[in-house]
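Undergrad: Sequence:
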Amino acid sequence: MTSAVVCGLWVVWLRASLRADRRRLRNGFLLIAVLYTAVALLGQVVMLTPGGPAVMSWASFVLFLGLVLGLLALPVFLVVNGLTMVRRERRTPANLLSLLAGLAMLVAPFVVVAPVVLRAAWTWGLAVAVLMGTAWLGFTFLGFVAQTLLYRRYVAGAPANGVIVLGSRVVAGRVPPLLAARLTTATAAAARLSAGGRLVPIVPSGGQGPDEDRPEGAAMGDWLVEHGVSRELVLVEDRARTTRENLTYGVALLAEHGVPAPYLVATNNYHAPRAALEAMDLGLDVHAVGAPTAGYFFPSAYLREFVAVLRRRPTVHVVAAAGILVVAVLATMLGVAAM
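Residue numbers (my numbering): 1 to 339.
Hints may be right or wrong, so weigh each one.
[Unchecked claim] Between beta-carbon pairs, the in silico distance windows are:
#1 PRO109 with GLY197: 57 to 65 Å
#2 VAL55 with GLY209: 56 to 64 Å
#3 ARG91 with VAL45: 48 to 56 Å
#4 ARG19 with LEU118: 50 to 58 Å
#5 HIS257 with PRO109: 55 to 63 Å
#6 PHE110 with ARG19: 41 to 49 Å
#7 VAL171 with VAL326: 45 to 53 Å
#8 ALA20 with ALA135: 55 to 63 Å
#9 GLY228 with VAL76: 40 to 48 Å
Derived by calculation from the structure, the hints in this document are not laboratory data. All values derive from a computational prediction rather than experimental measurement. Note that CB positions come from ideal geometry on N, CA and C, so glycine has one too.
Go ahead and model the full structure; you've got the sequences and the hints to work with.
TA: Structure representation (structure tokens):
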């Protein structure tokens with residue numbers, strides 16, 4: 001009975017949070033809580049049925065085995081993906097994230113068992129810090145993934161009166177494939193929104209970088225016209241240098257042309273959750289739709305977005321790190337006392 005009440009309360013909170021704002025990162029953590037309590041409730045129900053304990057034993061074993069295999073496969077996948085990124089992309093810190101994350105996951109178990117092997121007091125604190133830090137980051141990342149999946153389902157049919165396309169680097173004044181995917185997604189969204197006969201403008205947004213020979217917005221505008229969008233529906237924004245400027249300048253341009261909110265912003269799928277959070281932080285009535293990205297590119301890019309999300313609320317993570325440090329120091333002191 002208690003589990004049913006707790007699960008019901010989580011569901012009520014999740015529904016209220018979604019009604020307030022579907023872009024909130026909190027929604028992902030609430031979804032995890034709902035699923036966790038729902039599974040626990042289902043387990044209690046199964047235990048009351050004939051043969052329930054045996055079923056639960058097998059189910060627990062399968063879940064445990066799946067978790068172990070997943071934890072073994074994930075770092076290998078990340079390392080392989082990281083090596084692919086090294087071969088196919090520039091060797092920037094952002095592009096190395098999947099490789100570094102995979103190597104860290106491979107090393108972490110050895111650090112955790114170091115107190116048993118080395119029998120040194122300082123290893124207790126290090127092991128506790130790594131274990132708790134990994135748990136904190138893992139839980140935060142899981143919440144981010146849950147919110148990404150939850151938000152993606154909603155935004156596919158979200159209402160809007162205009163579409164903004166986030167710019168990225170153009171090559172020799174032309175639109176590269178990654179940016180073309182954003183523009184294709186924007187035109188598809190505009191077509192959906194225009195189904196009732198409305199005219200939905202598209203704002204290609206992006207300024208001119210130091211290594212570009214023309215503004216991104218202008219190149220994107222030409223691409224849209226070449227691919228069948230009426231010139232009258234293309235409102236070029238050619239000053240923005242960051243995602244925040246894309247959003248603020250794009251919204252201002254649509255408002256100047258008498259197009260009321262809400263709006264959609266088109267970017268790549270790995271960037272859409274953070275773009276939605278940026279719009280929420282700015283107080284803009286904007287939701288973000290994501291364009292497909294090359295499979296090998298997605299893990300590092302998504303991890304980069306996760307790091308940016310961590311930086312969005314630094315105080316929370318500083319407090320968590322301080323708590324982990326305190327526990328690690330206590331573990332070291334206990335290790336000294338035990339020796």
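Undergrad: So, for every hint listed, does it hold in this structure?
TA: Against the structure, the hints:
1. PRO109 with GLY197: 57 to 65 Å: With Cβ atoms ~60 Å apart, the hint holds.
2. VAL55 with GLY209: 56 to 64 Å: Given about 59 Å between the Cβ atoms, the range holds.
3. ARG91 with VAL45: 48 to 56 Å: 53 Å, holds
4. ARG19 with LEU118: 50 to 58 Å: Given about 53 Å between the Cβ atoms, the range holds.
5. HIS257 with PRO109: 55 to 63 Å: Because 57 Å falls inside the window, the suggested range holds.
6. PHE110 with ARG19: 41 to 49 Å: 46 Å, holds
7. VAL171 with VAL326: 45 to 53 Å: Distance hint for VAL171, VAL326 holds at roughly 50 Å.
8. ALA20 with ALA135: 55 to 63 Å: At 29 Å between Cβs, range violated.
9. GLY228 with VAL76: 40 to 48 Å: 44 Å, holds
Of the hints listed earlier, the one the structure fails to meet is number 8.
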